[in-house]
Amino acid sequence: MPVSAPNSQIIYDALKALGIRLLSVLPETWLVHLVTLAEEDPEMILVRLAKEEEGVGISAGAHLAGVKSALLMQNHGLLASVNGIVSLAQLYRIPLLMLVSHRGGFGEEHPWQTEGGGVTEHVLDALRIPYLFLDSPEHVAPRLRQASALAEASLKPVALLLGRSLMWED
Amino acid sequence: MLRVDALRAIYPELSRCIVVTNMGFAPAELFSLGHQQGFFYLWHSMGLASSVGLGIALSRPELQVVVIDGDGSLLMNLGSLTTLARYRPANLVHVVFDNEVLLSVGRSFTTATATGTDLAAMATAAGVPRTATCRTEDELARAFAGALAARELSTLVAKVDPVGPASYFIDLHYLESRFQFQRYLRQLRPAASEGGPD
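Keeping their order, the protein sequence lines are chains A and B. FYI, the numbering for the first sequence is 30 to 199, going by the numbering used here. FYI, the numbering for the second sequence is 297 to 494, going by the numbering used here.
Isolated chain A (complex conformation) (with noise of 0.2 Å):
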């Protein structure tokens, strides 16, 4: 399978790094590795997702109560999310940090994703969400840093969007 694993563990270790103790996902193509590796690790607490607005609560209720998490999800989840980003991150004012695969970009040969991927940044900016690209290993560690930071200062949503050319090897 052409997902990166490399690029994934780089991700992967950076949310360690972060202190982030649990991550709810919704599993797609591009983030089976990283699904793999939180399972696999006894340190982290897994909420494998029924549709992704959940992840939203339970970012919210982890940030309550004292622990860091993030939410790892496909742009569609993010659509799929956008009231729970509304009516509870962005209300309540909780940090989320969103880590979303952009798929649907140049590049993409599924014509179902194309949509998603035509819209994914036009809903960010209508949300007034900030968000990054995360195309090279030399983005991951420095952008989840700078993202988690800016989440945690201004006590609202932060989006990472992974690209295709750092989760998939074409």
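Note that these hints are calculated values from the structure, not bench results. This one's a predicted model, so the numbers in the text were calculated from it and none came from an experiment. From the three backbone atoms N, C-alpha and C, an ideal C-beta is built for every residue, glycine too. There are no misleading hints in this set.
Taking CB as the label site, the calculated pair distances span:
#1 B:Asp301 with A:Ala46: 50 to 56 Å
#2 A:Ala79 with B:Pro461: 32 to 38 Å
#3 A:His151 with B:Thr413: 34 to 40 Å
#4 B:Pro461 with A:Pro171: 48 to 54 Å
#5 A:Pro71 with B:Arg438: 37 to 43 Å
#6 A:Ser183 with B:Arg312: 30 to 36 Å
#7 B:Ala410 with A:Gln38: 47 to 53 Å
#8 A:Ser165 with B:Gly412: 51 to 57 Å
#9 A:Ser165 with B:Thr406: 51 to 57 Å
#10 B:Gln483 with A:Thr65: 33 to 39 Å
#11 B:Ser400 with A:Val111: 19 to 25 Å
Residues of chain A clear of chain B, computed beta-carbon distances all greater than 12 Å:
#12 Glu57
#13 Thr58
#14 Val64
#15 Glu138
#16 Pro140
#17 Arg157
#18 Arg193
#19 Glu198
For chain A, the structure is supplied; the task is to place chain B on it using the hints.
What follows is chain B alone, placed relative to chain A:
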């Protein structure tokens, strides 16, 4: 059974728990019985009370968490029952007040529980190990005390009349509630695992 009477029947135990409510009239009724620092009222974010409760329960296994939910709210996040059941936190009791309507919209639009949807049966089918449907204050009080004593994930559906208070208003801004609740959970933290500032 009135929801406020049902809440009153379990209030002595609730007041010692970490409680997350859904939106609508239930938080106003709980607040009217007496606010506690461990109560968090989730205005809006319809459906997510059970997810917030799960996040707290998994993060802090030493706390007893109670989620106050409603039929309309739970129907909006039914998948949450399967996620609760998958992780089965022993420190979470999920109480669903089922009045069979979307009461807070001002006219009694029925939910699917009015036409046969059985939320306790759905929780059982999702894998929640302990479920019950309660029709009186005594039944609920017994089931609630039993669930706390059993230390087992429980979904208790309390069938209540479609009646609420005159107003949603509670004299606690949602952000004040949020920061107060977070501070209280921090103070309850065992000294050994003291975290940094926010």
